[in-house]
Amino acid sequence: MTGQTILVADDDAAIRTVLIQAFGRAGYEVRAAGNAATLWRWVSDGDGDLVITDVVMPDENGLDLIPRIRKIRPELKIIVMSAQNTMLTALKATERGAFEYLPKPFDLNVLLSVVKQALEEPKERLDEFPSEAKADSPGESDGESIPLIGRSPAMQEIYRTLARLMGTDLSVLITGESGTGKELVARALHDYGKRRLSPFVAINMAAIPRDLIESELFGHEKGAFTGAVQRGSGRFEQAEGGTLFLDEIGDMPPEAQTRLLRVLQEGEYTTVGGRTPIRTNVRIIAATHHDLKLLIRQGLFREDLYFRLNVVPIRLPALRARTEDIAELVQHFLNLTAAEGLPRKVIDPQAMERLKSYRWPGNVRELENMVQRLGALYSQEVIGIDVIEAELADTSSLTSDYTEGTDGLSGTVEQQLNTYFSAHGSSLPAAGLYDRVLREVERPLITLTLQATRGNQVKAADVLGLNRNTLRKKIRELDIAVVRGAK
Numbered sequence: 001m002t003g004q005t006i007l008v009a010d011d012d013a014a015i016r017t018v019l020i021q022a023f024g025r026a027g028y029e030v031r032a033a034g035n036a037a038t039l040w041r042w043v044s045d046g047d048g049d050l051v052i053t054d055v056v057m058p059d060e061n062g063l064d065l066i067p068r069i070r071k072i073r074p075e076l077k078i079i080v081m082s083a084q085n086t087m088l089t090a091l092k093a094t095e096r097g098a099f100e101y102l103p104k105p106f107d108l109n110v111l112l113s114v115v116k117q118a119l120e121e122p123k124e125r126l127d128e129f130p131s132e133a134k135a136d137s138p139g140e141s142d143g144e145s146i147p148l149i150g151r152s153p154a155m156q157e158i159y160r161t162l163a164r165l166m167g168t169d170l171s172v173l174i175t176g177e178s179g180t181g182k183e184l185v186a187r188a189l190h191d192y193g194k195r196r197l198s199p200f201v202a203i204n205m206a207a208i209p210r211d212l213i214e215s216e217l218f219g220h221e222k223g224a225f226t227g228a229v230q231r232g233s234g235r236f237e238q239a240e241g242g243t244l245f246l247d248e249i250g251d252m253p254p255e256a257q258t259r260l261l262r263v264l265q266e267g268e269y270t271t272v273g274g275r276t277p278i279r280t281n282v283r284i285i286a287a288t289h290h291d292l293k294l295l296i297r298q299g300l301f302r303e304d305l306y307f308r309l310n311v312v313p314i315r316l317p318a319l320r321a322r323t324e325d326i327a328e329l330v331q332h333f334l335n336l337t338a339a340e341g342l343p344r345k346v347i348d349p350q351a352m353e354r355l356k357s358y359r360w361p362g363n364v365r366e367l368e369n370m371v372q373r374l375g376a377l378y379s380q381e382v383i384g385i386d387v388i389e390a391e392l393a394d395t396s397s398l399t400s401d402y403t404e405g406t407d408g409l410s411g412t413v414e415q416q417l418n419t420y421f422s423a424h425g426s427s428l429p430a431a432g433l434y435d436r437v438l439r440e441v442e443r444p445l446i447t448l449t450l451q452a453t454r455g456n457q458v459k460a461a462d463v464l465g466l467n468r469n470t471l472r473k474k475i476r477e478l479d480i481a482v483v484r485g486a487k
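Position 52, counted from 1, in the sequence shown is what my numbering calls 52; the numbers after and before it change by one each time, with no gaps.
By construction, these hints were calculated from the structure, which means they are not laboratory data.
Beta carbons are placed, not taken as given, at the ideal position from N, Cα and C, and that holds for glycine.
Check before you lean on any hint, since a few could be wrong.
Dumping the calculated EDC-like pairs for lysine to aspartate or glutamate here, alpha-carbon to alpha-carbon at most 20 Å [claimed, not checked]:
id, residue 1, residue 2
1, Lys345, Glu381
2, Lys474, Glu440
3, Lys356, Glu389
4, Lys293, Glu255
5, Lys356, Glu368
6, Lys104, Glu157
7, Lys71, Asp47
8, Lys474, Glu442
9, Lys473, Glu440
10, Lys356, Asp386
11, Lys194, Glu255
12, Lys222, Glu237
13, Lys104, Glu120
14, Lys356, Glu340
15, Lys293, Glu440
16, Lys356, Glu240
17, Lys104, Glu75
18, Lys194, Glu237
19, Lys345, Asp386
20, Lys222, Glu177
21, Lys71, Asp49
22, Lys345, Glu328
23, Lys104, Glu60
24, Lys474, Asp435
The following label-pair restraints were derived from C-beta to C-beta distances [what the hints assert, rightly or not]:
id, residue 1, residue 2, range
25, Leu336, Ser379, 18 to 28 Å
26, Pro254, Glu477, 24 to 34 Å
27, Glu340, Arg484, 27 to 37 Å
28, Pro105, Gly465, 30 to 40 Å
29, Arg210, Gly432, 54 to 64 Å
30, Ile296, Ile72, 45 to 55 Å
31, Leu108, Gly465, 42 to 52 Å
32, Leu336, Glu29, 46 to 56 Å
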């Protein structure tokens, strides 16, 4: 027996029973109540070593209880559980002093691990956590102000990460496909963080000519280059004290990468044409849809800069990986179109299922654009399957699998090679490019073919048109794991 007591408040009797049994087996004493008032009485009497509370209870919101507990028992750790499962719930729980936030339904083993960690951590002082919610936090109760939508497990993990980062200035690298909401995550980190009252400045590396990026970032002095008729401020100066969001960091040219690395290492920079170092106090958040590790291997991105930026990685899931969020996203976008004065629409169940089955190569951005079209272009109140099929028809033809030729694949490869050569500017890539490109293509080609044939090397050799011995040699050379029966 641990001799430690856990106080539980949840209006769901089934959850109370499960927790009493689980914590009892783990050696803890448990006292459980179905309302906030009983929990508050126990805490006020000095009982308990840990609190686990629901958010929505009959007599009081659990989030409102946290600052009161922190005021009289600052050493008492609080774990918040909620079926609301929104980003705002996670952020508010952490902001008010919760040790951890867990969405319902929760994994019992994860909860037990969090409880063990909380009880083993040293007691902290009162001033290490806020005693009450900050008045300037955005979106206290306005659901429309929540920047990220979704209750899927993948999004819950994103929310928990954001909540943990709220009180830090750590550099964050956000990765994910185009349209997954990388800038929304960056804005949430700023809007709910320590720098929320200071500027948020965003710059897209891919949208700025290469020869202007350094001036855009660091500013320039009068006469620094042709056309510089006066001093110009850069994004670092504009974001001073706040957050600088570097979107599509994978498109940053090598010279700018070197200067950015100095900022991260030394906390200072010089303007283009300037000589005096300028101290800076800016939080850096970067994002990209590129594979930066691949760019490092290709010599297009600095490895030391990658490690400076990738202090905390956040990987955003593609929409097709969280289809359970699509209905909520659609409703959110429908509400926004109605708020703009367009007629309110309803998606019928069959049409909604079709939306869930579509792969959404453009992710949330593509879904939002479609919903906006539905609101603007169609007169009927109820949107049926025929409308959705018509909307998806053109897009689907553009994103179909490459089954009848190689034009689409060749175009994709050509686009990647154009980007590769453009990134080198006036210089040329290192020698041996042909072999490097073949190796980059060869490994995923063989790996995916083996997956498609469930590890059957005979079938894979036939699909690839290779001799079986040649395929085995390639598997060894490329260190490809072969898993039989798995796909």
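Against the structure, the hints come out as follows:
1. Lys345 x Glu381: Status holds; Cα separation ~5 Å.
2. Lys474 x Glu440: Given that 20 Å is the threshold and the Cα spacing comes to 13 Å, the pair holds.
3. Lys356 x Glu389: 12 Å, holds
4. Lys293 x Glu255: 19 Å, holds
5. Lys356 x Glu368: Holds, at roughly 14 Å.
6. Lys104 x Glu157: 12 Å, holds
7. Lys71 x Asp47: Holds, because 15 Å separates the two Cα atoms, which is no more than 20 Å.
8. Lys474 x Glu442: Holds, at about 9 Å.
9. Lys473 x Glu440: 17 Å, holds
10. Lys356 x Asp386: 15 Å, holds
11. Lys194 x Glu255: 31 Å, violated
12. Lys222 x Glu237: 16 Å, holds
13. Lys104 x Glu120: Roughly 24 Å between the alpha carbons, so the hint for Lys104 and Glu120 is violated.
14. Lys356 x Glu340: 25 Å, violated
15. Lys293 x Glu440: It holds: about 12 Å lies between the C-alpha atoms, which stays within 20 Å.
16. Lys356 x Glu240: Distance ~43 Å between Lys356 and Glu240 Cα, so the pair is violated.
17. Lys104 x Glu75: 26 Å, violated
18. Lys194 x Glu237: Holds: Lys194 and Glu237 sit about 19 Å apart, inside 20 Å.
19. Lys345 x Asp386: 15 Å, holds
20. Lys222 x Glu177: Answer violated: Lys222 to Glu177 is near 39 Å, above 20 Å.
21. Lys71 x Asp49: 16 Å, holds
22. Lys345 x Glu328: 14 Å, holds
23. Lys104 x Glu60: 19 Å, holds
24. Lys474 x Asp435: Holds. Lys474 to Asp435 sits at ~14 Å (cutoff 20 Å).
25. Leu336 x Ser379: 18 to 28 Å: 19 Å, holds
26. Pro254 x Glu477: 24 to 34 Å: 31 Å, holds
27. Glu340 x Arg484: 27 to 37 Å: Hint violated: Cβ distance 55 Å, outside 27 to 37 Å.
28. Pro105 x Gly465: 30 to 40 Å: Between Pro105 and Gly465, where Cβ atoms are some 49 Å apart, the hint is violated.
29. Arg210 x Gly432: 54 to 64 Å: 25 Å, violated
30. Ile296 x Ile72: 45 to 55 Å: Hint holds: Cβ distance 52 Å, inside 45 to 55 Å.
31. Leu108 x Gly465: 42 to 52 Å: Roughly 51 Å apart at Cβ, these two residues keep to the hinted range, so it holds.
32. Leu336 x Glu29: 46 to 56 Å: The hint (46 to 56 Å, Cβ to Cβ) holds, given that Leu336 and Glu29 are roughly 49 Å apart.
Going through the hint list in order, the structure does not satisfy hints 11, 13, 14, 16, 17, 20, 27, 28, 29.
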